[in-house]
Amino acid sequence: MLEKETLKQFEAIVGSDNVNDGEIITNVYAYNWCMEIFNFMDGKEPTPFSDTPKAVILPSNTEEVQKIVKLCNKYNIKFKAQSTGLGPWNQPSTENSIIVDLRRMNNIIKIDEKNLYAVIEPYVSGAQLQAEIMKYGLNCHMPGAGPQVSPLASATSMNGPGFTSPSTGHSARNVLAVEWILPTGDILRLGSLGLTKNSDWYNGDGPGPSLRGIMRGWAGAKSGIGIFTKVAVKLFPYPCSTKFNVTGNSPNYNFDVPDFMRLYIIDCRSYKYLENVFLRVEEEEISFICSHLSGFATMAIFANSIDNLMDKSSIGIMKVPIVILIAARTKREFDYKQKVMKMLLEELKLTNIIGTKYIPESIFYAEALRSNLGLHGFITTGGFQSTKGGCDTAAMCLRSTEINIQLKKKYIKKGVIANDFGEGTWMSSYESGHFFHMESPTMFDQTNKNSVEGMAEYMEKSNELDLLKHLGAPFFVEGDKNHDLFGPYMMNYHNWLRKVKEAFDPNNIADSGFYISPNNNELKKRGK
Amino acid sequence: MDEEEYQKMIKRCLRCSICKWIPQIQIKSQKYASGCPAIDIYNFHPYSGGGKIILALAYEMGRIKPTEELRDIVYKCTVCGNCAVACKYMNTLEPLEIIMKLREKLVNTGCGPMPQQQAYIEAVKKVNNPYNEPHEKRMDWIPDDIILNPDAKMLYFVGCTSSYRRKEMAIAAARIMNAAGVSFNIFQNDEFCCGSPILRIGDTTAFEEILNKNLDIIESKGIETVVFSCAGCYDTFKVDYPLSRKYDFKVKHTVELFDELIESGQLKLTDNVPITVTYHDPCHLGRNAERYEDWDGDVVQLLPLVSINVPPKPKRTGSKGIYDAPRSILKKIPGLKFVEMERIREYAYCCGAGAGVKSAFPEMAIKTAKIRIEEAEDSGADFLVSACPFCSTNLQDGITDKNSKLKYFDISELILMALGLEGEKLKQATAEVA
Amino acid sequence: MNAINLENKKIRGFAGIIAKSLAPLNENEKFKKKFSRTNLQFLLNAVNVNFAALIIIDCGKLRVESIPNMPKENLKKKIVGWDAYLEMDTQTFLAVSMNRITMIGIGKKILMRKVKIRGIRKLIVLLKVFTLLN
Chain G
1 MLEKETLKQF EAIVGSDNVN DGEIITNVYA YNWCMEIFNF MDGKEPTPFS
51 DTPKAVILPS NTEEVQKIVK LCNKYNIKFK AQSTGLGPWN QPSTENSIIV
101 DLRRMNNIIK IDEKNLYAVI EPYVSGAQLQ AEIMKYGLNC HMPGAGPQVS
151 PLASATSMNG PGFTSPSTGH SARNVLAVEW ILPTGDILRL GSLGLTKNSD
201 WYNGDGPGPS LRGIMRGWAG AKSGIGIFTK VAVKLFPYPC STKFNVTGNS
251 PNYNFDVPDF MRLYIIDCRS YKYLENVFLR VEEEEISFIC SHLSGFATMA
301 IFANSIDNLM DKSSIGIMKV PIVILIAART KREFDYKQKV MKMLLEELKL
351 TNIIGTKYIP ESIFYAEALR SNLGLHGFIT TGGFQSTKGG CDTAAMCLRS
401 TEINIQLKKK YIKKGVIAND FGEGTWMSSY ESGHFFHMES PTMFDQTNKN
451 SVEGMAEYME KSNELDLLKH LGAPFFVEGD KNHDLFGPYM MNYHNWLRKV
501 KEAFDPNNIA DSGFYISPNN NELKKRGK
Chain V
1 MDEEEYQKMI KRCLRCSICK WIPQIQIKSQ KYASGCPAID IYNFHPYSGG
51 GKIILALAYE MGRIKPTEEL RDIVYKCTVC GNCAVACKYM NTLEPLEIIM
101 KLREKLVNTG CGPMPQQQAY IEAVKKVNNP YNEPHEKRMD WIPDDIILNP
151 DAKMLYFVGC TSSYRRKEMA IAAARIMNAA GVSFNIFQND EFCCGSPILR
201 IGDTTAFEEI LNKNLDIIES KGIETVVFSC AGCYDTFKVD YPLSRKYDFK
251 VKHTVELFDE LIESGQLKLT DNVPITVTYH DPCHLGRNAE RYEDWDGDVV
301 QLLPLVSINV PPKPKRTGSK GIYDAPRSIL KKIPGLKFVE MERIREYAYC
351 CGAGAGVKSA FPEMAIKTAK IRIEEAEDSG ADFLVSACPF CSTNLQDGIT
401 DKNSKLKYFD ISELILMALG LEGEKLKQAT AEVA
Chain P
1 MNAINLENKK IRGFAGIIAK SLAPLNENEK FKKKFSRTNL QFLLNAVNVN
51 FAALIIIDCG KLRVESIPNM PKENLKKKIV GWDAYLEMDT QTFLAVSMNR
101 ITMIGIGKKI LMRKVKIRGI RKLIVLLKVF TLLN
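Residue numbers (the numbering used here), protein chains in the order written: chain G, 1 to 528; chain V, 1 to 434; chain P, 1 to 134.
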């Protein structure tokens, strides 16, 4: 709980209805998915609860956020900002913290149809944004976590791969101008928003030095470097007709599949050949979705329960499947893309199983368009988390996949993670094969202590393997322990990252749990 | 939900926030993407379906105590079931059942229900209705010209809200059945509260007593079909009663019966009703009115940590609610133009009244109603129609509070108009919107 | 216990999974033609779960019955009347059905008695049936 006087001051900012320091509310915010794994890694009891924050506060605009941050500085209370709050990286790392829940900041500020960007606040969900921009024939990037999460959070603070990445890129690449409340409470406006005259949202980099790398780098700072209150994200042409008609009843909806969409699922048979296929297909710049998934994962994206997942063995039997979805707005475009795919299949001597061995339910296409496929990862055991996460060349990603198989099989043999034959991978192309990322989704049972501990151990071993075999930085290099582990192997970036933290957050007020802590000696030198 | 299942399930929330929205692929606009009135109004995560699952876990782990604050959060919820529909699109959690079980636990510890809800439970025990009205006056709504048949095998179970508060609905239903020549009876002294208001706040012990009392009476009179015009009573009899005690008679809502009568020609809709309407799906007629199916299959462990159900376990996702019958009726009314809201069928937005919210948190009930009314206004309709007296009360209160130009009718009133039996009402209504 | 007497009874457990996966074969013209004169019964037993699956091919028609696999005497040839028998755990069955185990891998499991085969010649017919699913 907060001191009475402190609570009063927070109440004065947002109103008493929008701040709460009682045990009921704060305990709920202490809970998150996968928290049991991170607790175990830290030598704590593997419960799904982190440290309980002192309070939760709900600001409604930038000015309120600024005041909250300044107050946190005054009382030396750390803040942890969150939008929809999915994932352990939303959790405070200390009880001396306040959660800034940005739910009330849910406006779409602007849709610039001509310049292809939208300005959004933190609690606009991907599905909400997409529903509005579809009216203009436009689309947005949504992270793999699903359409219910915040594109702002993904763009400014947290990773950002997505199923539609061949055409919509990665969240880090889609950020334009940003309104950023620094840990000091100052407002920083990045890009063209920072112009003194005619400021606008269209550019994330100029004038002057771009701070987007500092702001989020590859994996994002997860609230460790401030709070983002508005962001402009790039928009893209919607890939096909925007008619989105879903009928029937949950969960077996029917979808009027738009004209000019076609799915290909092809078995590349070996990882080496998959690399060729990926590069060759993406070279032609025709795909809306182009992902490699394991046999099991490919079965999962067409299922809505574990019971009907097992019906899809005609897909699961494929050794190294690639999932390609092409979509077009005109017949001419569609004919062209189909011709290219036909040419590629002949050239690469591959066969599409869709239409012969398997016909997906129409709802798959709705989920593909709405980027809802990632949530299928939870079907098997109810819990999953990814290891790896490297972003690199196709060759590197596949090397990472192959090397990981033996490690994963060890833990499968122990019965602590679900058996996907070690192959569990999601690898996606970005911007027509410009680069790739892979991650290894791993199913575990969050209610089973052995499974949680086994999963934690597997994740740590996977990180070690990334170092040992030079597989690039995985996703979850976050927090001091991992940065200090990886940094020395990666040009000591962790030292620079610490300097960034010290420069932007001299009072160490933004919760560093999933970012990096400042060097306390440095702070002492500065009288902090 | 039994205790073992409850203890397992409360550990499985992924905190994905899906429960706050309507199913993702049904979202058509930013404005109408949300599905949960509680979190829409109160904003803190514990108010969501997933938030209440975490509350349940924290409570079981002893991290939180049964306090007034806990009670308030748990009862600021209409148990509309949207969270369950949204979650179960892909997951196998049962947010709604967990909330109900948590309420049961709070009642058992004496922490729940809310004082206003306790008052109406006492009223039900004393005078057989939650409105504390005299039981003898329950059937005062019956006009003299309504024809009843004491030997009929069909019973019209009117319900407390229609009997005491929304008499126009009961009168309309009875007149329609007379017009169709349907032989039916009403238990004039032997109709008692169905128990829904008590069940929804978690007093399962009191509910069991009411359930048995009602079933004893109905079964003793050889009734073959029970018809309801109240969605709450319908849902309670259809879905909740069989969980404790099976019975042989059929249950129907009046929209199902009336649709059949129109289809068979027993009801002839001849008069023009030239209005534009939109239909609000009551939670208790829609997504919650889906029976539990027995399953005696096997759980087969395919792999360590991975089990499947053989055959697949039925999942209540709201798909078997009553959605088509009311729409079919509306489309058959001559001259009537029907438009849909964005959130409909199993993902309809709640009216805001249910599960004791109207009595314990009237401001929440009205705010929710106003959200729904704005959605009805945005549909382009002049009239809002539904098939539940509770929705009727709350939505009309919302219309008044919002100073909305929208008018409200129960679907049975529109049928009467189309039968030529409510000419004055129709005339007045069309004049008001002209 | 004659398998024929088990007709019309519910297909339980592991047998239910097998039944569901083989069901498409009854609409498969190749299957009907190729096995139009085949009369064989194959018993698949997944040791870690209940209910073995008795696959009956009867002149181009296929059906599956479930047989409780405890006590193990239930599964004897003289009681069930199978022509071939295959025993392993569900994990291995899945690996086989998804082509994720090599012949060497199966061989190892046979040596370790984690896979048991009886009537291998007849079992080859079943493998031919399975290939039609792909």
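FYI, nobody ran anything at the bench for these hints, they're computed from the structure.
One should not assume that every hint holds.
As the list claims (entries may be wrong) - Simulated crosslink set (DSBU-like; lysine-lysine; CA at most 35 Å straight-line):
#1 V:K405 <-> G:K110
#2 G:K110 <-> V:K313
#3 P:K122 <-> G:K312
#4 G:K469 <-> G:K525
#5 G:K243 <-> P:K114
#6 V:K221 <-> V:K28
#7 P:K30 <-> G:K349
#8 V:K8 <-> P:K20
#9 G:K357 <-> G:K67
#10 V:K370 <-> G:K410
#11 P:K34 <-> G:K461
#12 G:K272 <-> P:K114
#13 P:K78 <-> G:K319
#14 P:K128 <-> G:K449
#15 P:K114 <-> P:K78
#16 G:K413 <-> P:K30
#17 G:K243 <-> V:K125
#18 P:K72 <-> G:K312
#19 G:K319 <-> P:K128
#20 G:K357 <-> P:K78
#21 G:K319 <-> P:K20
Said to hold, decoys possible - Distance windows between CB atoms, simulated:
#22 G:N276 <-> P:I120: 23 to 29 Å
#23 V:D248 <-> P:I79: 51 to 57 Å
#24 P:L127 <-> G:N492: 53 to 59 Å
#25 G:N245 <-> V:K268: 54 to 60 Å
#26 G:G43 <-> P:K116: 43 to 49 Å
#27 P:I120 <-> G:T247: 31 to 37 Å
#28 V:T67 <-> G:K413: 35 to 41 Å
#29 G:N96 <-> V:T67: 44 to 50 Å
#30 V:E374 <-> G:N96: 40 to 46 Å
#31 G:T247 <-> P:I79: 48 to 54 Å
#32 V:E4 <-> P:K122: 43 to 49 Å
#33 V:M139 <-> G:S16: 55 to 61 Å
#34 G:N245 <-> V:E374: 53 to 59 Å
#35 V:T67 <-> G:T247: 52 to 58 Å
To be verified - Not everything, but these chain P residues come out facing chain V in the computed CB check (under 10 Å):
#36 I17
#37 A19
#38 A23
#39 N28
#40 N50
Model, not experiment: these values are computed from the prediction.
Idealized CB from N, CA, C, for every residue including glycine.
Now for the hints, and whether the structure bears them out:
{"no.": "1", "hint": "V:K405 <-> G:K110", "verdict": "holds, 31 Å"}
{"no.": "2", "hint": "G:K110 <-> V:K313", "verdict": "violated, 46 Å"}
{"no.": "3", "hint": "P:K122 <-> G:K312", "verdict": "holds, 27 Å"}
{"no.": "4", "hint": "G:K469 <-> G:K525", "verdict": "violated, 39 Å"}
{"no.": "5", "hint": "G:K243 <-> P:K114", "verdict": "violated, 54 Å"}
{"no.": "6", "hint": "V:K221 <-> V:K28", "verdict": "violated, 49 Å"}
{"no.": "7", "hint": "P:K30 <-> G:K349", "verdict": "holds, 26 Å"}
{"no.": "8", "hint": "V:K8 <-> P:K20", "verdict": "holds, 29 Å"}
{"no.": "9", "hint": "G:K357 <-> G:K67", "verdict": "violated, 60 Å"}
{"no.": "10", "hint": "V:K370 <-> G:K410", "verdict": "violated, 57 Å"}
{"no.": "11", "hint": "P:K34 <-> G:K461", "verdict": "violated, 51 Å"}
{"no.": "12", "hint": "G:K272 <-> P:K114", "verdict": "holds, 33 Å"}
{"no.": "13", "hint": "P:K78 <-> G:K319", "verdict": "violated, 40 Å"}
{"no.": "14", "hint": "P:K128 <-> G:K449", "verdict": "violated, 43 Å"}
{"no.": "15", "hint": "P:K114 <-> P:K78", "verdict": "holds, 23 Å"}
{"no.": "16", "hint": "G:K413 <-> P:K30", "verdict": "violated, 39 Å"}
{"no.": "17", "hint": "G:K243 <-> V:K125", "verdict": "violated, 54 Å"}
{"no.": "18", "hint": "P:K72 <-> G:K312", "verdict": "holds, 31 Å"}
{"no.": "19", "hint": "G:K319 <-> P:K128", "verdict": "holds, 20 Å"}
{"no.": "20", "hint": "G:K357 <-> P:K78", "verdict": "violated, 39 Å"}
{"no.": "21", "hint": "G:K319 <-> P:K20", "verdict": "holds, 23 Å"}
{"no.": "22", "hint": "G:N276 <-> P:I120: 23 to 29 Å", "verdict": "violated, 39 Å"}
{"no.": "23", "hint": "V:D248 <-> P:I79: 51 to 57 Å", "verdict": "violated, 42 Å"}
{"no.": "24", "hint": "P:L127 <-> G:N492: 53 to 59 Å", "verdict": "holds, 58 Å"}
{"no.": "25", "hint": "G:N245 <-> V:K268: 54 to 60 Å", "verdict": "violated, 34 Å"}
{"no.": "26", "hint": "G:G43 <-> P:K116: 43 to 49 Å", "verdict": "holds, 45 Å"}
{"no.": "27", "hint": "P:I120 <-> G:T247: 31 to 37 Å", "verdict": "violated, 51 Å"}
{"no.": "28", "hint": "V:T67 <-> G:K413: 35 to 41 Å", "verdict": "violated, 47 Å"}
{"no.": "29", "hint": "G:N96 <-> V:T67: 44 to 50 Å", "verdict": "violated, 24 Å"}
{"no.": "30", "hint": "V:E374 <-> G:N96: 40 to 46 Å", "verdict": "holds, 42 Å"}
{"no.": "31", "hint": "G:T247 <-> P:I79: 48 to 54 Å", "verdict": "holds, 51 Å"}
{"no.": "32", "hint": "V:E4 <-> P:K122: 43 to 49 Å", "verdict": "holds, 44 Å"}
{"no.": "33", "hint": "V:M139 <-> G:S16: 55 to 61 Å", "verdict": "violated, 48 Å"}
{"no.": "34", "hint": "G:N245 <-> V:E374: 53 to 59 Å", "verdict": "violated, 24 Å"}
{"no.": "35", "hint": "V:T67 <-> G:T247: 52 to 58 Å", "verdict": "violated, 45 Å"}
{"no.": "36", "hint": "I17", "verdict": "holds, 6 Å"}
{"no.": "37", "hint": "A19", "verdict": "holds, 9 Å"}
{"no.": "38", "hint": "A23", "verdict": "violated, 12 Å"}
{"no.": "39", "hint": "N28", "verdict": "violated, 22 Å"}
{"no.": "40", "hint": "N50", "verdict": "holds, 7 Å"}
Checked against the numbered hints above, the structure breaks hints 2, 4, 5, 6, 9, 10, 11, 13, 14, 16, 17, 20, 22, 23, 25, 27, 28, 29, 33, 34, 35, 38 and 39 and satisfies the rest.
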